[in-house]
Structure formats: structure tokens, C-alpha cells
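**Student:** In case you want the letters, here they are:
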Amino acid sequence: MRRTTLDNGLTVLIQEEHTAPLASVWCWYRVGSKDERPGLTGVSHWCEHMNFKGTENIPRDQVKGIIEEYGGSWNGYTWIDQTTYLETATRDALDRMLFIESERMARCLYHPDDVESERTVIISELQGGENDPDQLLDQELTATAFKAHTYRHPTIGWLSDLKTMTRDDLYGYYRRYYVPNNATLVIVGDVDTDAALARVERHFGAITTGTAPARARTPEPEQTGERRLVICKEGTTAYLKVGYHAPSATDADFYPLLILDAVLTGAKGLNLWSSFRVPPPQRSARLYRALVERGLASAVYGSLLPTEDPFLYTISATATERTPLAAVEAALVEELDRASHDGITEAELKKAKAQLRARMVFDTDSVTNIAHQLGYFETIGSVDLFVDAPARIAAVSADAVAGAARRVFAQSNRTIGWFDPLPAA
Amino acid sequence: MSSSGRMSDAVVQSAPARRGLEPSRTVLDNGVVLLAKRTSTTPAVAMNLAVRAGSAFDPPGRAGLTWLLSRVIDRGTAAQSAADIAEELDSRGITLTIAVTRHLFSLVCTCLADDFEPVLALVADILAAPSLPDAEIATRKGEVVTAIRQDGDNPAVRANEALMALLYPDEHPYGRRTKGSIELVESLAREELLRQHAERFAPSELTAVVVGDVEPERTRDLVARVFGGWRKPPPPPLALPLPVRASARRRLVLPMMNKSQADIAYGFVAARRRDPDYYACWLMNNVFGQYSIGGRLGDSIRERQGMAYYASSALDANVVDGPLAIRAGVSPANVDRAVASIDREVAAIVADGITQKELDDSRRFLVGSIPRALETNAAIANFLQIAEFFDLGLDYDARLPALLGSVTLDEANAAARRILDVDRATVVIAGPYQD
Numbered sequence: 000m001r002r003t004t005l006d007n008g009l010t011v012l013i014q015e016e017h018t019a020p021l022a023s024v025w026c027w028y029r030v031g032s033k034d035e036r037p038g039l040t041g042v043s044h045w046c047e048h049m050n051f052k053g054t055e056n057i058p059r060d061q062v063k064g065i066i067e068e069y070g071g072s073w074n075g076y077t078w079i080d081q082t083t084y085l086e087t088a089t090r091d092a093l094d095r096m097l098f099i100e101s102e103r104m105a106r107c108l109y110h111p112d113d114v115e116s117e118r119t120v121i122i123s124e125l126q127g128g129e130n131d132p133d134q135l136l137d138q139e140l141t142a143t144a145f146k147a148h149t150y151r152h153p154t155i156g157w158l159s160d161l162k163t164m165t166r167d168d169l170y171g172y173y174r175r176y177y178v179p180n181n182a183t184l185v186i187v188g189d190v191d192t193d194a195a196l197a198r199v200e201r202h203f204g205a206i207t208t209g210t211a212p213a214r215a216r217t218p219e220p221e222q223t224g225e226r227r228l229v230i231c232k233e234g235t236t237a238y239l240k241v242g243y244h245a246p247s248a249t250d251a252d253f254y255p256l257l258i259l260d261a262v263l264t265g266a267k268g269l270n271l272w273s274s275f276r277v278p279p280p281q282r283s284a285r286l287y288r289a290l291v292e293r294g295l296a297s298a299v300y301g302s303l304l305p306t307e308d309p310f311l312y313t314i315s316a317t318a319t320e321r322t323p324l325a326a327v328e329a330a331l332v333e334e335l336d337r338a339s340h341d342g343i344t345e346a347e348l349k350k351a352k353a354q355l356r357a358r359m360v361f362d363t364d365s366v367t368n369i370a371h372q373l374g375y376f377e378t379i380g381s382v383d384l385f386v387d388a389p390a391r392i393a394a395v396s397a398d399a400v401a402g403a404a405r406r407v408f409a410q411s412n413r414t415i416g417w418f419d420p421l422p423a424a
Numbered sequence: 000m001s002s003s004g005r006m007s008d009a010v011v012q013s014a015p016a017r018r019g020l021e022p023s024r025t026v027l028d029n030g031v032v033l034l035a036k037r038t039s040t041t042p043a044v045a046m047n048l049a050v051r052a053g054s055a056f057d058p059p060g061r062a063g064l065t066w067l068l069s070r071v072i073d074r075g076t077a078a079q080s081a082a083d084i085a086e087e088l089d090s091r092g093i094t095l096t097i098a099v100t101r102h103l104f105s106l107v108c109t110c111l112a113d114d115f116e117p118v119l120a121l122v123a124d125i126l127a128a129p130s131l132p133d134a135e136i137a138t139r140k141g142e143v144v145t146a147i148r149q150d151g152d153n154p155a156v157r158a159n160e161a162l163m164a165l166l167y168p169d170e171h172p173y174g175r176r177t178k179g180s181i182e183l184v185e186s187l188a189r190e191e192l193l194r195q196h197a198e199r200f201a202p203s204e205l206t207a208v209v210v211g212d213v214e215p216e217r218t219r220d221l222v223a224r225v226f227g228g229w230r231k232p233p234p235p236p237l238a239l240p241l242p243v244r245a246s247a248r249r250r251l252v253l254p255m256m257n258k259s260q261a262d263i264a265y266g267f268v269a270a271r272r273r274d275p276d277y278y279a280c281w282l283m284n285n286v287f288g289q290y291s292i293g294g295r296l297g298d299s300i301r302e303r304q305g306m307a308y309y310a311s312s313a314l315d316a317n318v319v320d321g322p323l324a325i326r327a328g329v330s331p332a333n334v335d336r337a338v339a340s341i342d343r344e345v346a347a348i349v350a351d352g353i354t355q356k357e358l359d360d361s362r363r364f365l366v367g368s369i370p371r372a373l374e375t376n377a378a379i380a381n382f383l384q385i386a387e388f389f390d391l392g393l394d395y396d397a398r399l400p401a402l403l404g405s406v407t408l409d410e411a412n413a414a415a416r417r418i419l420d421v422d423r424a425t426v427v428i429a430g431p432y433q434d
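So the sequences go chain by chain: A and B. Positions 0 to 424 (numbering that gives the first Met the number 0) are the ones given, in order, by the first sequence. Positions 0 to 434 (numbering that gives the first Met the number 0) are the ones given, in order, by the second sequence.
Since the hints were derived computationally from the structure, they do not count as laboratory data. Take the hints with a grain of salt, since some may be wrong.
Claimed, not checked - To give an idea of the interface, some chain B residues facing chain A are shown, with a C-beta separation under 10 Å as derived from the structure:
id: 1; residue: Thr109
id: 2; residue: Thr145
id: 3; residue: Gly228
id: 4; residue: Leu365
C-beta atoms are modelled at their ideal positions from N, C-alpha and C, and glycine is treated no differently.
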């Protein structure tokens, strides 16, 4: 993998993979929902939508088909730390993919009619999410766990802001953050590095450096007591979610906690883009045995994602019919307390490492997934975090896991959320 | 093209030539079919073992039996306990996914190449000799009942299930809920699960596909070793009733007033996978509800009218006529407008057809996407499994561009006229909406 920085500040990562005649291009921006101020929640995600609507050199009516003519797919996503766009297509589409991304960086239009049309599309996306009780609970839990840091609001934004945001709000935000010195371009696939780099220079070299946006944020103060919330809404199923403030990707406790999550709920790997495709290996995991095997829950899932600032480690459980949420919570907390007091065994450590080793192989099975990983880690810290991950995982000791468990699983550090369904009216 | 160029300057280059998959195919003397393909992208192996024992084989009145069997089958064998199996899989970082479609019961996993031999042996043991312990059945029933309750609170699932029940009435296997009903699941006994397994799981019904960093010869030896001794007579074939196309428009509203968004499912009985016009149907549907962001439907409902986050159509051609289903998620205030927009798009494609450019664009996309669709071991394994099930041939991936290439505009438009009809559409709306 070669890392280069263009004169305008654009970081470029290129990795050759000659296993298929494909190339994947991702352009990452260091802007996400944590950069949003009150009144503009959801603006990062809405900008992402607007950046598929045509540019100065890609007429609106020619967006459709621009990558499909190469058999390619394109997409994008926004989360708390980042916004990213991708194309994966046959290798002969490399020039087209770079053209699209250079246009997206500098020449999007934000036509007022498109802004209004997309407003209702995004509100529809928000309402679709609200249909899912688990997603609703996740949103409420995050908002309760954070009182100062901007991780507290949902990436899609609050409905009131989505109704009032203007075209100028969106365009101003776009111009501020979409500058080469705030971006990382990643190319992985059946390409020649030198030739690819020359193409990158041709497409992006003339884009002017911008003022590097400051990312001032209020750090989340230490939580001083357990927080709780209960959503009472019509539904058929009860859900429990427990969240703990967790270390960032660069914190020494991150990988020990990743091991601990594997012991508790099975290893997920480190790929936000692909790890949801296949459930974790968890039949022998502690929380699966304590909740699912005992019939208290039909599913349990842990989530620790690499983030730039300290975010949350969450554990979610779906209560089985007629099982009170209090019983699920008690069994779950008992297991976490046990981990906090006694740590994990050497056998568990060995198994968790084996799981993570396998998952990291499985999660880099395509040029798209490899490119995602390089760009994701570069955007939240450094690509070295990804390159070094296997060694960092291998170096984790059972003592380090026990220490992380003690620090993270304190009662005062947790937020507990219930979705307690009301019978249909 | 340069960054300052215009789109119209684009010169479309031809996609790089690719070699066909060229898997090796072996049939053991007991009838087990093996498809093996060597790749070396990662030091891993994908396995896809499918038995022709899907939910369509549920006995009359027992919909849900196969689904429960799929939840229990890997919870113990004659030789190993559920805990042994869990430990064996977890210690290698493997998730065994057990999927049930109308026709197939599949065990799918990816393992490191070093683990291939013991994992294949374990999966074979699970498939051929499950013990189905009572305690495991009881626990898994609780999970299935919870999942059915969750489905009942999900407008998208409810709309889709109701659409299928209307398109395939009278207990047709395509119209039944795969998970069944809570009452049925709670009534299922271990003996029924054992009987279903004994009657439907036989070597003649199994296709094992193995793709990854392992030599096909070694795969053949291992498959012969783990399955060669499995002896059972072939079960009788399934007699599927032929679906009947709707004779009039139907509309069903399922009010779910606790929800924020409504789901629309709008469909037709459409096509068989082996229909002569299947490729015309596929291309027509791609233009209609797939290409780019949802084809014509996405253009109208999402891009031009801003009514929905998603609007698309899916063609599920099957052994007998499967459905073409249009789906959209819209705000309750927009339900009537969205249904009217779908009606307009259906009427337009039937009356005026698609254009040659639309056909060519979709064709170029589908042909060009083949290398991407066959990049990973798991994707190749799934592709080969489907090709084997529908008897499409070992060179199907190589022939696919020509099959798509031979479809004419007249054929694609004839497919639209054959399947789509506003006056015979079945429309289901689930969500915060009432007539």
C-alpha cells in the first residue's frame, strides 16, 4: 500500500490487488454528524444525498448510468466521524470513478429543487428507521448517554432540523468540509500504482486547498451515575440495550475491549461496512449462554466500533415472549459484573483472538472491503491502526482485558434503555 | 475523460475479458453432487451445502416445520452435543448460517483454509445425523415465536407476507409464511421434525459447493469420505400446484397506527426460472425497478417526487411462476400518491414499452457487473448452487452475457405485457394508514 499526499493536501492510498479485474475507489471526508451544531443536525448526511445530484460537468440527467455502464455500483454513507463515497467497477472504469469523485469534491450544484425533493426522501428514511423499535431505542440510548459531546444526536438528524434547514445551510456546509486537505482518496484493485497516481493527480491536482475545518468539540465529561430510559410505545416485542462509554480507536483499552466483546457476544471483526453480513460466532459466548441458551432472550449482540472520540460499547438483547426486561437485564448485568471482577480465562483469550484473526481474513475478501478498511481507519486516526491491528490484537493479555472490563463496566458508566411495548390500542 | 470534460465526451471501453469459473463437478455413487472451484484471493474456503428440502416441503397445515428444523438441526448430532458443536465452530471463528428458501435448506459458512477438513466433517455430521434434542427444540421454539412477534410489528414484513398470501392462495407453498404461526410452532413435536428430516434429507437431494483456497481433488476426496457412506433412497418429488394469475385488482390495507411509515407491496405472479422469456423478464424488470436507484420506479417515486427512501421491484423467478414484487416505503400522507405513481409506471411500460437505450443500458450493466458479482468465494458458491438447482450448466457464467445479449426490445416489452397489468395488480399497504 502506498500513501501519498498531493500538493493540495489530498491524502491518497493505493493498494494493488490483482485477484479480479476490478477496482474500488473510495473518497473519505473528515466530517460526520459530530461536526454538526444545533439547528443543523443531519446536515452531513443530507449533504451526502445532495452529492449524488449532478455537478457542473455531470448533468443531472446523466447521473443515472454514469457508473452502471461499467457494470459498477456506487454508494455512500455518513456516520458520526465520517462521510464516504464509493464506486466499484471493472478496472477500465478507474478514470470514470476518479472523475466522479473529483466532481463530487469540488463541483456539486445543490439545486433548490433537488434540496426540496431530498428533504422528503430523508424524512422518509428517518420514519422508516422509527418503524424499527431497536433502532429507536439505540437513538434514545445514545442521546441519553451523551450530554455534551455531539455524538449524542442521530446521524440522520432530528426531524425539526430536517424540516427547517435551507439550501444555503447545506451548500455552505459542503463548501466548508469538501476540500482536498480534509479528504482521503483510496484506490484498491487491479491497477498499477504509478499510473493510478498520475490519474489522481490529473483529476484532483487542480482542486484548490481549503481552510482546514476546525473540529472543535466538547469532550464528554465523566459519567457520574447510571442513567435509564424507557420507551413506552405500541409494539409486540421488548428490547434491552445497555451502553457504556468506551475507548476510542487509539486508546490502549480499545483492543482489550474488542477481545472482551468477542468473549461476551462473539467477534465481529473491525469492518463497519461488511461485518453485519454474517452474524458473529457466538454460540459459546458468555452472554449468548446466559441469555439465549437460558431462554431469556432470542438474540444478543455487542457492538464496539472504532471511533475517533470515545463512543459507546452497547449490548442489545431481544426478550423472549413473556420474559420481563428486568430478568434479562439482571442476567446481563450479572455477567458483566463477573467479567469486571474476574476477567477472562486464557482459553477464552485464545479463542477470541482466533475468532478475530478469522474475521479479519473474511472481512477483506473483496477490493471494496479492503478499500473501506484503509479509508475508514485513515479518517478516524491513521491507516496504521488497521495495518497494525493483527499485532495489537495478538499482544492483548488477559490482564489487559480484565483492566478494560473494570474501567468500562462500572455501574456509574452505563446507560440502560428499555423498549417496553404497550399492547395495540 | 478529464476532470474538466463533459459527460458526453465519455468513450465507453469494453469490459476486460474474464475467464469462466469452470468448476469441477462430481457425482458420488449415492447421488451427492459436488461442485468445487479453487480460488486464492484469501486463505479461506466458502461452503454452501443445499438440500432440496425447503419450506415448500412442509406438510399441508404444518407451515413452519422446516423453519424450526433449521433452527435446531445444528444443536447436536449422534456424535456431538450442541456445546461441542458451538465450541468447534466458535474456536475457529466460524458462523454456520442455516437458510431456508421455498425449495432449499442450506448450510453455509466460510472458514480458514487450514480448518477446511474438520469443518466440512462437522457440517456433514450436522446435515446427515442431527439428534434434535427436546430441550433444544423448546428453547428454539421460544426464539421463533419471538421472531414471529417481531415480524408482526414490521410493516415491510407484513406487507410482503400478505402480498404472497394473496398471490399464492389456498395454502400454496409460495404463499405460506416460512416461519409459520405461533400456534403451529408451539404445537410442533420432535417426532415431526425427525420425520421431516428422515423423509427429505437424502444424498440424492444434496449439492455441496466448495469455493476457496483448496484443491478440487482434495475437496472431492473429503466429500467422498464424509458423505460417501450416506445411504438413503431418493424421496418422492414435490408436486407444486401451478399458480393462478389474478383476474381482478385486489387491495388490502393492514393498519399499524403505531408506525411512522407505510410499506407498499404491489405484485404479480410472474415467471419461472426456466421460462424461455426469463432473460427478457429479467432485463425488463431491471429497467422497471432496479437500474441505478430503482429504475423507472425509483426515478418517479424517489428522485422526481421525493416520496420515498426506497422504491424498487424484484423478480423472483422460481420452479413454478414466482412473483414480481414492487416495494416502496412512504409517509402515510403519500400512500395514495405513491400507489397512483406505481399504477402510472406499470401502465406506461405496458402501453409504450421500454426504449432500446434503456434495454441496452441495463444489459451493459448486468453483463458488466458479472466480475463484481463473482468476486468473493461466498458469492461464487451461491451462484454455482443456483446454477445447479436450475440445471443451468457448468458454463452458465460464461454463457450469461450471450443470454442477456440475445434479448430483443420486442421480447422485453412482451414480457412487460405478459406480467404487468394495473387492473390485475395485487396491492397491500401496511402501516399508519386506513382506507
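**Student:** None of the hints should be skipped; say for each whether it holds.
**Tutor:** Results for each hint:
no. : hint   : result
1   : Thr109 : holds (6 Å)
2   : Thr145 : holds (4 Å)
3   : Gly228 : violated (27 Å)
4   : Leu365 : holds (8 Å)
Hint check: a violation occurs at hint 3 only; the rest are consistent with the structure.
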